[in-house]
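Novice: Chains as they are written, first to last, in the numbering used here: chain A, 2 to 332; chain B, 6 to 293.
In case anyone wonders, no lab produced these hints; they're calculated from the structure. Please note that a few of the clues may not be correct.
[To be verified] Quick list of simulated restraints, FRET-style, between CB atoms:
{"hint": "1", "chain 1": "B", "residue 1": "K38", "chain 2": "A", "residue 2": "D296", "range": "41 to 51 Å"}
{"hint": "2", "chain 1": "A", "residue 1": "L172", "chain 2": "B", "residue 2": "N61", "range": "25 to 35 Å"}
{"hint": "3", "chain 1": "B", "residue 1": "G195", "chain 2": "A", "residue 2": "N305", "range": "37 to 47 Å"}
{"hint": "4", "chain 1": "A", "residue 1": "Q284", "chain 2": "B", "residue 2": "G108", "range": "29 to 39 Å"}
{"hint": "5", "chain 1": "B", "residue 1": "P121", "chain 2": "A", "residue 2": "P40", "range": "38 to 48 Å"}
{"hint": "6", "chain 1": "B", "residue 1": "I238", "chain 2": "A", "residue 2": "G115", "range": "42 to 52 Å"}
{"hint": "7", "chain 1": "B", "residue 1": "K263", "chain 2": "A", "residue 2": "G133", "range": "44 to 54 Å"}
{"hint": "8", "chain 1": "B", "residue 1": "K209", "chain 2": "A", "residue 2": "P63", "range": "30 to 40 Å"}
[Claimed, not checked] Sample of chain A residues lacking proximity to chain B, with all beta carbon distances greater than 10 Å (derived):
{"hint": "9", "residue": "E64"}
{"hint": "10", "residue": "Q74"}
{"hint": "11", "residue": "T78"}
{"hint": "12", "residue": "E105"}
{"hint": "13", "residue": "Q253"}
{"hint": "14", "residue": "D296"}
[As the list claims (entries may be wrong)] Covered stretches of chain A, as calculated for chain B (at least 3 residues, CB under 8 Å):
{"hint": "15", "segment": "79-85"}
{"hint": "16", "segment": "112-118"}
Bear in mind that the values here come from a model prediction, so they are computed numbers and not experimental data. Ideal placement from N, C-alpha and C gives every residue a C-beta, glycine not left out.
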Amino acid sequence: MLNPKVKLVPNVLDSQKVEHKPIRDGYGDGLLLAGEANPNVVALCADLSESTRTQPFQKKFPERYVELGVAEQNLATVASGMAAMGKIPYISSYAMFSPGRNWEQIRTTIAYNGQHVVIAGAHAGISVGPDGATHQAVEDLAIMRVMPTLTVMAPCDAIEAKKATLAALSLSGPVYIRFAREKTAVVTTEATPFQVGRAEMFREGSDVAIIACGPLVYNALVAAEELSTEGIEVTIINSHTVKPLDVEMVVQAAKACGAVVTVEEHQINGGLGSAVCETLAEQHPVPVERIGVRDRFGESGDPNELVEHFGMGAQSIKEAVRRALGRKSPR
Amino acid sequence: MPEESLHDDKAKFLEEKANEIRQDLISMLVEAKSGHSAGPLGMADIFTAMYFHVLNHDPKNPDWPERDRLVLSNGHICPIHYVTLAHAGYFPKEELTTLRKFGARLQGHPHRGSLPGIETTSGPLGSGTSQAAGMALAARMDKKTVRIYCLTSDAEHQAGNTWEGVMFAGKNKLHNLTSIIDRNNIQINGMTEDVMPLEPLKAKYEAFNWHVLEVDGHNFRQIVDAVNEAKAIYEKPTCIIAHTIPGKGVSFMEFDYKWHGIPPKPEEAERALVELRTLGGRIKSEHE
Chain A
2 MLNPKVKLVP NVLDSQKVEH KPIRDGYGDG LLLAGEANPN VVALCADLSE STRTQPFQKK
62 FPERYVELGV AEQNLATVAS GMAAMGKIPY ISSYAMFSPG RNWEQIRTTI AYNGQHVVIA
122 GAHAGISVGP DGATHQAVED LAIMRVMPTL TVMAPCDAIE AKKATLAALS LSGPVYIRFA
182 REKTAVVTTE ATPFQVGRAE MFREGSDVAI IACGPLVYNA LVAAEELSTE GIEVTIINSH
242 TVKPLDVEMV VQAAKACGAV VTVEEHQING GLGSAVCETL AEQHPVPVER IGVRDRFGES
302 GDPNELVEHF GMGAQSIKEA VRRALGRKSP R
Chain B
6 MPEESLHDDK AKFLEEKANE IRQDLISMLV EAKSGHSAGP LGMADIFTAM YFHVLNHDPK
66 NPDWPERDRL VLSNGHICPI HYVTLAHAGY FPKEELTTLR KFGARLQGHP HRGSLPGIET
126 TSGPLGSGTS QAAGMALAAR MDKKTVRIYC LTSDAEHQAG NTWEGVMFAG KNKLHNLTSI
186 IDRNNIQING MTEDVMPLEP LKAKYEAFNW HVLEVDGHNF RQIVDAVNEA KAIYEKPTCI
246 IAHTIPGKGV SFMEFDYKWH GIPPKPEEAE RALVELRTLG GRIKSEHE
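Put together the whole structure using the sequences plus the hints.
Specialist: Take a look at the structure:
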């Protein structure tokens, strides 16, 4: 059953009632709050201020908005210089370009330099849709997670994205947050607990634990409800912070359920699925099935159609749960 | 802040200081058994001018918020930065022998936070101009009067990130930013104009809305006058193209790109030190 303590949206599984909102909207809301909270916050954008939702900040604090043009390497390095002077830069672009194109600049001039810069990667995931594979970042979690000192987050909806964006202000080192483009079901509420590095149990069941992040958390909730009618009860962990992973929660869920399914809109290599496998292999090995893009590039199409095609829809999640269940050791 | 042109006494002091710094550089590279020789020697005079005349700084208080910032973009010439910082009093000269050694603060390429006086981590080329521009913009936002100096190599102007920074600084009219290019014409694979031509470099910067000056990078008066002129330009950032001789001061290293990325062997270092001691602070411009 759904965990009442996390105060999810009532009737969250009623497809007629649930609200849909782009996760990137949460970045815009959170950035504005961060700007109001701290006068050192500056926003930098590389010619995508409307689509990354940097515009509300730009309108409210024009003197603290910096336009870079189509230059993502400059986006990262100018931000590093501003941070060295005491500013807290939030830099936004599409994830494919930042951190896709400017990875080395982020590594050398932001992370290794010890600068507090918040990197906002919009249009992450296959659900970018019609723009096609060039714009569908499904490797960003891997390339950011491997970098020392980074905090990496993949919020599940616009409300959580707002909280993550604001919470990044209080961290000390570099932060990467990814946002999906499409309207996504709003699952959480203002009252849902949020703490960087702490996963939340959205649903409790004893058969299989689903550990998910990003917009597919909703698909996992839908899958869980349908599985419940077959008598399969799953736990759902919303692991919005991919790094540092909430190791305690992941191990606890593996112990309680004995099998795990990871769910993310990302390559199955290097992202949340890998993080969970690495942790469990060391601390509590159990069967794991990974939902994600299976080592291939995306393509153009309708977002939902693509999520289904690449094996990340509710149906695919249900199948993965059944496979995981079948691999469990008899108790 | 010193604005005037150099007195004879100060010019002589700087020449002697640069010679001492070159000698310590050679000793340090021999000890480290790896590192770059030509670029650091060629930039000895500019580093000396910066830390012993131009910069408004306090070596005993390296985090002083109102200090001028010196960003070294081409991190591989850090040995000359390290020696100059030690001579200026940022850390003990004895520590120079630890260059590139395990546990040392003097990393093979400079790391901000490891050593006082290092404003940014560098090594991968082409990122310093943008960082310096970011610092200059932030300083202007806060109405600080600090000046930002960025030292770049010529060859890193083959990197796109450099030009992104140049374009950004020109757009924002960052007059508190002065960039000094080490125009020594060499890079690892040969001469810059053979590997990937940079000329006309001055015209390129002017096209990006910078004020551009050219100096002899071994002539302290020219260096100081150019920096002073940059302070007087309020409409644009200034770029000083400093024509330098790679390996300057050691005859068998001068103009030879093979010395870009290697240190002298002990016997070569001894010859180099004899040459430098004989010069006795008399390194002069080729044109004087």
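Novice: Each of the hints needs a verdict: does it hold here or not?
Specialist: The hints, checked one at a time:
A hinted range of 41 to 51 Å for the beta carbons of K38(B) and D296(A) is consistent with their spacing of about 44 Å. Against the hinted window of 25 to 35 Å, the Cβ-Cβ separation of L172(A) and N61(B) comes to about 33 Å, which satisfies the hint. Remark: the range hint 37 to 47 Å for G195(B) to N305(A) is contradicted by a beta-carbon distance near 55 Å. For Q284(A) and G108(B), the Cβ-Cβ distance of about 32 Å falls inside the hinted range of 29 to 39 Å, so the restraint holds.
For P121(B) and P40(A), the Cβ-Cβ distance of about 28 Å falls outside the hinted range of 38 to 48 Å, so the restraint is violated. For the hinted restraint 42 to 52 Å between I238(B) and G115(A), the CB-CB distance of approximately 33 Å leaves it violated. Restraint check, K263(B) to G133(A): a C-beta distance of roughly 48 Å satisfies the suggested window 44 to 54 Å. Between K209(B) and P63(A) the beta carbon distance is about 31 Å. The supplied range of 30 to 40 Å therefore holds.
With a least beta-carbon separation of about 7 Å from chain B, E64(A) fails to lie farther than 10 Å from that chain, contradicting its non-interface assignment. Against the 10 Å criterion, Q74(A) falls within the reach of chain B, whose nearest CB is about 4 Å from its own CB. The beta carbon of T78(A) is not kept farther than 10 Å from every beta carbon of chain B, the shortest such distance being approximately 3 Å. Distance check for E105(A) against chain B: the nearest CB is about 6 Å away, which does not clear 10 Å, and the non-interface claim fails.
Non-interface status of Q253(A) relative to chain B is upheld: no Cβ of that chain comes within 10 Å, the nearest being about 36 Å off. For D296(A), the shortest C-beta to C-beta distance to chain B comes to about 29 Å, beyond the 10 Å cut-off, and the non-interface label holds. Counting residues of the segment 79-85 of chain A whose CB lies closer than 8 Å to any CB of chain B gives 7, which reaches the minimum of 3, so the coverage claim holds. Counting residues of the segment 112-118 of chain A whose beta-carbon sits less than 8 Å from any beta-carbon of chain B gives 3, enough to reach three: the coverage restraint holds.
Violated hints for the displayed structure, listed by number in ascending order: 3, 5, 6, 9, 10, 11, 12.
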